[in-house]
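In this note's numbering, each residue's number is its place in the sequence shown (first place is 1) plus 647.
Source of the hints: derived by calculation from the structure; they are not laboratory data.
Mixed in with the good hints there might be a few duds.
[Said to hold, decoys possible] With a cut-off of at most 20 angstroms between alpha-carbon atoms, the simulated EDC-like pairs for lysine to aspartate or glutamate come out as follows:
1) LYS952 / GLU681
2) LYS859 / ASP848
3) LYS952 / GLU855
4) LYS698 / GLU681
5) LYS878 / GLU916
Just so it is clear, the structure is predicted and the values come from calculations on it, not from any experiment.
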Amino acid sequence: MNRLLLFSLQILFYTVSAFAGEATFGPEFNFTNERLIKAGRAAGQGVVDTKANIAAQKQFVDEVERRCSGCVIKKQKDKFGLEAFKVRTPEGWSFAITLDPWVVEVIADGMTSKEIAVRAPRIQYLIFDAARAINLAPQEHGGHIHIGISSGFSRDPLQIRNFVVDWANYSKVMAEAFYFSIHNAAPMEMIQISENETVKDRFIQFIESWDKEFREQSSFLWFSRTEDLIKKFSQGMIDQVYVKSYADWDPPHKYQNINLSHIKGFPREEQTIELRAVREFQSAEHYAEFTRVLQGRIDYLSRIKSLLPVVRSNRRVRPAHKIFDDYIYKSNGSLDYNRDMSSFDKFQFPIEISCESVF
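Go ahead and model the full structure; you've got the sequences and the hints to work with.
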């Protein structure tokens, strides 16, 4: 009877995973100008608040209030203990106007790609157009986006693991195609732990170890064990893989291509995977297009019920847009190939770029 119950729970778990809802994507929009950059540079590394970006933050809040008389704006403390402003729109979604080094940062609610598409005109008007009205522009690189663990991966350790492996497989060329910031989010292959070892080498070793445990437990993978595997995966990446960042910034596990430090110790509804090697979103349309393609990739990977192989780098050199062409093509069925390639040609690619293939 107990075995039958465990088997039933196992079937239920994979059934729920197969029909999971759409992922929620929580962006960090960063806006700046020469004045803020100059002030941040003069203040020194790691200084969040300067007179320049505090003044720009106040201007931003005033501009949003002018554009949205029905918005409710409340003061709160941000992650640094600094003053931030939470804006709740009449439609029911929210964003916070905060500070980060050299910028005014806007952190919006997590939304599905479909919700983002519907709200894109409003996001454009209240955030991007408001920023431009006070002479702030999106950064060229250094964008970040969070994907909900529950919404995006149904708390399935296999889906989480496969997504991270897939991103790592493509990370070097994807980062270059997305105008990445090497100090903030270098690909694993580019971070040397020692003369003969990279973070990618550590990643391969860790995945081999985690996969062995997953195989041993997968025949009876009920809820408590899935949660344990998720914690072991995220913490193992932090403790065993992300031991060094490209620029030796601390903590090293934060300044990586894909960040897993928003899982352990966070409430379930706040647990995320953070992609750090993406181009800063230049408009609401850009944000909507990126999340639509990312959702398509998540859908594609969710249909893979086996352990995705980790691909080591090789020496073939191919244009970055051709590698991303493969990325879209392999997701066919989840994505509209022609539409998505034209979208990323519009928003992403420096045409002349080429780099070492990771296939």
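_Hint numbers contradicted by this structure_ = Structure breaks hint 1 only.
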